[in-house]
Amino acid sequence: MQYLLMIYADERQVDAAIEADGSTVMAEYGAFGEEMGQRGVLRGGARLRLTTDASTVRVRDGETLTVDGPFAETAEQIGGYYLVECKDLDEAIEVAAKIPGARMGSIEVRPLWEM
Amino acid sequence: MSGPSTAAVEAAVARAFHDEWGRIVATLIRVTGDWDLAEESTQEAFAAAVVSWSRDGIPRVPGAWLTTTARRRAVDRLRRSRTGATKTQEWMMSVAADDSRDDDSGIADDRLRLIFTCCHPALSLEARVSLTLRTLAGLTIAEIARAFLVPEATMAKRIGRAKAKIRHAGIPYRVPPAHLLPERTTAVLAVVYLLFNEGYRATAGADLIRSQLCEEAIRLARALSELMPDEPEASGLLALVRLHHARKDARVDAAGDLVPLDEQDRARWDGAAIAEGTAILEAALRRGEPGPYQIQAAIAACHGNARSAELTDWREIVGLYDRLYERTPTPVVALNRAVAVGMADGPLAGLARVEELSALGVASSFPMLEATKADFLRRLGRRAHAERSYRIARDMAGTDAERRYLTRRLTEVET
Numbered sequence: 037m038q039y040l041l042m043i044y045a046d047e048r049q050v051d052a053a054i055e056a057d058g059s060t061v062m063a064e065y066g067a068f069g070e071e072m073g074q075r076g077v078l079r080g081g082a083r084l085r086l087t088t089d090a091s092t093v094r095v096r097d098g099e100t101l102t103v104d105g106p107f108a109e110t111a112e113q114i115g116g117y118y119l120v121e122c123k124d125l126d127e128a129i130e131v132a133a134k135i136p137g138a139r140m141g142s143i144e145v146r147p148l149w150e151m
Numbered sequence: 084m085s086g087p088s089t090a091a092v093e094a095a096v097a098r099a100f101h102d103e104w105g106r107i108v109a110t111l112i113r114v115t116g117d118w119d120l121a122e123e124s125t126q127e128a129f130a131a132a133v134v135s136w137s138r139d140g141i142p143r144v145p146g147a148w149l150t151t152t153a154r155r156r157a158v159d160r161l162r163r164s165r166t167g168a169t170k171t172q173e174w175m176m177s178v179a180a181d182d183s184r185d186d187d188s189g190i191a192d193d194r195l196r197l198i199f200t201c202c203h204p205a206l207s208l209e210a211r212v213s214l215t216l217r218t219l220a221g222l223t224i225a226e227i228a229r230a231f232l233v234p235e236a237t238m239a240k241r242i243g244r245a246k247a248k249i250r251h252a253g254i255p256y257r258v259p260p261a262h263l264l265p266e267r268t269t270a271v272l273a274v275v276y277l278l279f280n281e282g283y284r285a286t287a288g289a290d291l292i293r294s295q296l297c298e299e300a301i302r303l304a305r306a307l308s309e310l311m312p313d314e315p316e317a318s319g320l321l322a323l324v325r326l327h328h329a330r331k332d333a334r335v336d337a338a339g340d341l342v343p344l345d346e347q348d349r350a351r352w353d354g355a356a357i358a359e360g361t362a363i364l365e366a367a368l369r370r371g372e373p374g375p376y377q378i379q380a381a382i383a384a385c386h387g388n389a390r391s392a393e394l395t396d397w398r399e400i401v402g403l404y405d406r407l408y409e410r411t412p413t414p415v416v417a418l419n420r421a422v423a424v425g426m427a428d429g430p431l432a433g434l435a436r437v438e439e440l441s442a443l444g445v446a447s448s449f450p451m452l453e454a455t456k457a458d459f460l461r462r463l464g465r466r467a468h469a470e471r472s473y474r475i476a477r478d479m480a481g482t483d484a485e486r487r488y489l490t491r492r493l494t495e496v497e498t
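Residue numbers (my numbering), protein chains in the order written: chain A, 37 to 151; chain B, 84 to 498.
For the record, the hints were derived by calculation from the structure and aren't laboratory data.
Be aware that a few hints might be false.
Unchecked claim - Computed list of lysine-lysine pairs in DSBU-like fashion (alpha-carbon distance at most 35 Å, straight line):
#	chain 1	residue 1	chain 2	residue 2
1	B	Lys248	A	Lys134
2	B	Lys240	A	Lys123
3	B	Lys240	A	Lys134
4	B	Lys248	A	Lys123
5	A	Lys134	B	Lys246
6	A	Lys123	B	Lys246
7	A	Lys123	A	Lys134
To be verified - Facing chain A, a subset of chain B residues (Cβ under 10 Å, in silico):
#	residue
8	Lys246
9	Ile249
10	His251
11	Ala252
12	Gly253
13	Ile254
14	Pro255
15	Tyr256
16	Pro259
17	Leu263
18	Pro265
Yeah, the Cβ is synthetic: ideal placement off N, Cα and C, and Gly gets one too.
The following block holds chain B by itself, in its conformation from the complex (with noise of 0.2 Å):
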């Protein structure tokens, strides 16, 4: 008998690591208490399947098998290092084993349980981010290293640590009971916002959607807001990821490149992600306890309701940017604000917003502010001074098709 084709064996693996990683390294870390010994032991498994399927087929729950498979690496390492810990550690594991997955605060999701031991308030934020990318989404250390732009070296370290500080300082591995909650879920949700922006518009490289990981983002964002029903910023957060996602479709052209909003094709959007979406903010906007996620949805759903570029209300939007901005005063914030009022008021009042933006600095480190100014100058007709600005924001920009857009309105307002 014949197994199935390598490339069916392959697909089945890559789906499995997408849709079961997290959950396994999650579930492991529960039951040994070692997240080494976590990693490496699903490492095993899924490196075991692509030899196993491709023999005996491709399991009916391939995620059970990853699960049992990862289990039996791990006490099988255990056994090889026979010391007094692993004995204690083999014994937790056969106790664990058949545990209901309920813990102090009733919640059953290991990968839960994870993203509030990744994101505890006594790691530095950039260790939040960058473990939780690893351990739960299963990205490589060389892929977060490129996400952040530093080193490979010193991700592996960073990650490392923040690993070796969840150890030594016996941070717990739980879901923090009712009284914490409140004061962890901003870092769980900024961290998951993270997490959602890396897949929505990768920092570098090729990839621009790596739907996966908004995917990833949603499915996390969710679980927060059903476990936080009295946190509207959760729920805050889940509208907009969902409308953010809706519009995937439709933000990227066949040859990868990047349609802005006022071009992209409204049918492609995802019409129920958006009345789900609307309809979670809307929820969340009637407990009258608005945030930052909450105002950022409110935007995104302005957006995502309008039938046409020209019937979006964006004297509604500039105030919600004025209301988020007074929240959280960044340079990105305020970029947006300048693009609403240049919607809103004409180019010329947008003009000038941004420039009393580059008056404070922060555009050389800022790609779109540069080619921010750049579309208001092409708007207002000012070709040669557009040209120069479009040239700068492209030899600043971070993804290829950010290149190639700035590179067409480039050729747009070339003499």
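Here chain A stands alone, though its shape is the one from the complex (with noise of 0.2 Å):
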């Protein structure tokens, strides 16, 4: 099955980390990237631009209507995923709680839809 691991942070608090210690926090997502990579678990994934590069679009009566900012103003934001192929339930969240983010924040585990 596929799931959607979503690392939701305080980015600003992320950012901080960043600023402070940056290489340390890259080396963390390496060396988790390498390990689920190696176990042929990973689909995709990325880090996201901060929700201040965010826009959020809707379409009403025709009329495409876009404003600046995330879709919720909330206290943690989505700051990158994951997509991973696990066996099951069990093995995803195993996989999100390895996710250095999860130390952080939190990750959200969204099985993806099977068509």
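Need the complex rebuilt from these two chains, each delivered in its own frame; the hints are there to steer you.
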């Protein structure tokens, strides 16, 4: 099954951590990517730009409305994601728990709709 | 040749339902991977049993008859809906039909697999309890709804959503591997304990003891304590439910009324169950890792091993409640501690504890607090106050038996 692992955290806090010691954070993510790549579960993933760079789009009555900012103003934002292929939810949870961001923020595990 | 009487068939079906429902559903889920299909096929097998057993006689091994019938119904249903997915399921069923019943962790009980899945932490606690009662204990949605005081439609939706999540999110149907066992255990124990309590003290309605639910919970607790020999809380839970259940015959009188502990006929307690529960508890305590279940079992053992109400070691019980409150500071524990203090140090000390609790504002949702207060006031001879408290408690009581007990107390203090 495929799961989207969404990394939520307070992006300002994450930013500050990267500012303070970016190489450690990068090394941790690098090690995670290497481990999961070897395990063969990774299907994709990316770090996202800050929500200050986000735009939200809606179409109402045929008219496209674009507003600056994320869908909702929340205390924690999605800072990145991984798409993984796992045997079951237990494996997805195990992988999610290894994402370095799980220690600062939270990982939402969402199964993909199987076509 | 005439078949067995209708009454005999009904009794046999009822007994088989109690003994076999959970196991058959659990097996069918394992072989089909489809919870609704498993439940519906099992339901149909029981309906078929009523007809078939009346005509052909009650089979020697009803469980085997029901399992085979439920399996056939499942295959029929799958054949009727000829899609690619069900072809795979049919194949899976034929493979699974003669597999050994072991899985990764070497546990051969399908019901255990089912309860660990029902109690997966990715489900809400409400969903876990409801799903366990439905699939494992075979309670109807109406019964579960009544137990949790929610409309039937709400309960149906809750259970439906939980099943959908198991399917969509890929919650595995298995006993977790050893490294996941400890963290999954707490959730499972909590559900088994809630299940026992549901049977021991039905939340609402006329039925005070639903022995079958209690026995179901005891069976599960026993299986869990065997599965997790290194988890003393699993043994603690088993000891606790054994010790409670040992008093069941004395807890309710002929009229179905609740008999308070100090008035119970201790000759009607199940001495063998008390001895077994105490021995299990002692073995668990020797591991030196006490937890809430072991402490509660120790309290139950104090009562169970006291030859009379007067010989109860209330000071020991107060100490145990103190330790329990450190771990689980809930109003119920605080109230029980107040009762114990009232027995150890007299009703005035107990009343003071209850009034502290009242001041916290939990009383409105909590009839037993008012009833306890009333008991202390009665023992202090403050009849008018006692009367008022009994009246409030009676109006809040959840079961008919509690209402009758409180009414009896009320007439004793009425002037």
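Q. Hint numbers the structure violates, sorted upward?
A. 8 and 18
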